[in-house]
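Student: Take a look at the letters that make up each chain.
Number of protein chains: 2
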Amino acid sequence: MARSQGAELALLLLGGFQSMVDDVHGELAHRGHEGVRASHEFALRAIDEGADTASELGRRLSVSKQGAAKTITALEKLGYLRREPDSLDARLKRLRVTDRGHDMMALGASLFDEVRERWAAQMGPGQLASLEAHLARLVAHRPSSVDAAARLNEDLGETT
Amino acid sequence: MARSQGAELALLLLGGFQSMVDDVHGELAHRGHEGVRASHEFALRAIDEGADTASELGRRLSVSKQGAAKTITALEKLGYLRREPDSLDARLKRLRVTDRGHDMMALGASLFDEVRERWAAQMGPGQLASLEAHLARLVAHRPSSVDAAARLNEDLGETT
DNA sequence: TATGAATCGACAACGGGGTTGTCTACTCCG
DNA sequence: CGGAGTAGACAACCCCGTTGTCGATTCATA
Chain A
1 MARSQGAELA LLLLGGFQSM VDDVHGELAH RGHEGVRASH EFALRAIDEG
51 ADTASELGRR LSVSKQGAAK TITALEKLGY LRREPDSLDA RLKRLRVTDR
101 GHDMMALGAS LFDEVRERWA AQMGPGQLAS LEAHLARLVA HRPSSVDAAA
151 RLNEDLGETT
Chain B
1 MARSQGAELA LLLLGGFQSM VDDVHGELAH RGHEGVRASH EFALRAIDEG
51 ADTASELGRR LSVSKQGAAK TITALEKLGY LRREPDSLDA RLKRLRVTDR
101 GHDMMALGAS LFDEVRERWA AQMGPGQLAS LEAHLARLVA HRPSSVDAAA
151 RLNEDLGETT
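Protein chains in written order, with UniProt numbering: chain A, 1 to 160; chain B, 1 to 160.
Don't read these hints as lab results, they were simulated from the structure.
It cannot be assumed that every hint is accurate.
The list makes no distinction among identical chains, and a pair is therefore deemed to hold if it is satisfied within one copy or across any two copies.
Subject to a maximum C-alpha distance of 25 Å in a straight line, what follows is the list of computed DMTMM-like cross-link-like pairs (lysine to aspartate or glutamate) [stated by the list, open to error]:
| no. | residue 1 | residue 2 |
| --- | --- | --- |
| 1 | K93 | E27 |
| 2 | K70 | D52 |
| 3 | K70 | E56 |
| 4 | K65 | E132 |
| 5 | K70 | D48 |
| 6 | K93 | E56 |
Could you put together the complete structure from these sequences and hints?
Tutor: Rendered as structure tokens:
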């Protein structure tokens, strides 16, 4: 059985992700954004794109609202967002990304893009594009766990 | 800035990994191997390939030996390995993969390979092979965090 | 041969990132 | 008005990893 090619592929995908994230966060730390984690990046992006309450963020990230709240607490401590009461709905705490938060997002985005550019240079832009297209189809095309969990949440109403 | 293509690529890689792992572990659970986690699979493989002590496993996986020990404890509880004293060196506990452990590894490997086959069918075997080759180069070719940490461990002697 | 350095594994405490369950406050609809 | 649904906070827990410390053992060497 030597080694499972399938298992190795999985490891390569994970390794690729970690490689990118390590590069980006190492550089982020050098530029005044220490303590940033991968989840912070992506959560902040989702918030800025409209998921501006804890519950909504949880839905977007397919995570419980309590889980999302923990990330939000971390982001607030790091100074990347503020929690403000909503004027119309007193249940809500509206999330607003701070200037520092936007700085970090912009920097993170450009660093990620740099890494991607390096990859494109090594493997050729066409190859990279087709890799992305395939991955997107393969990942989107699964009715499995994550999406199933998301659907479950919607179907069952609130558990919490 | 719309969305960072680089960040999306990272997410795709992570999603690809999770997609594979979810598929495999869902099926593993259906076949009598509930409770298996991604880390268990890969750790058991490393052990079977020769990393048969906690410290050595830690080195192979680039984690602390305490971290490796926790995985080992979990694997032992699940019945996938046994810890036996070494006859020559009383400090060591030799790790031996049980029959059930070999079953799980074989099943996991074939499930991973199945997923990979499906991917190959969708994107074409040549495309997949070149994706793997590129990823392997990109991941191996970084003198960064993980390997750096591994080297640090060797250089500094034992911290623990 | 005795001793000091290195290594092994175990244990405790902690942090990050998740989970579930419970709770109160609030909105919204009939 | 009252009940159903939703928001967020809090507690307790799990997993996986970390560092630091420890006693036991081996090994090198003076």
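Student: Next step is simple, just say for each hint if it's right about the structure.
Tutor: Results for each hint:
Taking identical chains as interchangeable, the C-alpha atoms of K93 and E27 are never at most 25 Å apart, the minima being 32 Å within one chain and 41 Å between chains. For a Cα distance limit of 25 Å, the shortest separation of K70 from D52 inside one copy, 14 Å, qualifies, whereas the shortest one across copies, 38 Å, does not. In the homo-oligomer, the alpha carbons of K70 and E56 lie at most 25 Å apart inside one protomer (14 Å), although the nearest pairing across protomers, at 35 Å, exceeds that limit. With identical chains, the CA atoms of K65 and E132 are never at most 25 Å apart, being 30 Å at best within one copy and 36 Å at best between copies.
For the identical chains of this complex, K70 and D48 are intra-copy neighbours only, at 17 Å inside a copy versus 38 Å across copies, given an alpha-carbon limit of 25 Å. In this homomeric assembly, K93 and E56 come within 25 Å of each other (Cα to Cα) only inside a single copy, at 11 Å, whereas the closest approach across copies is 49 Å.
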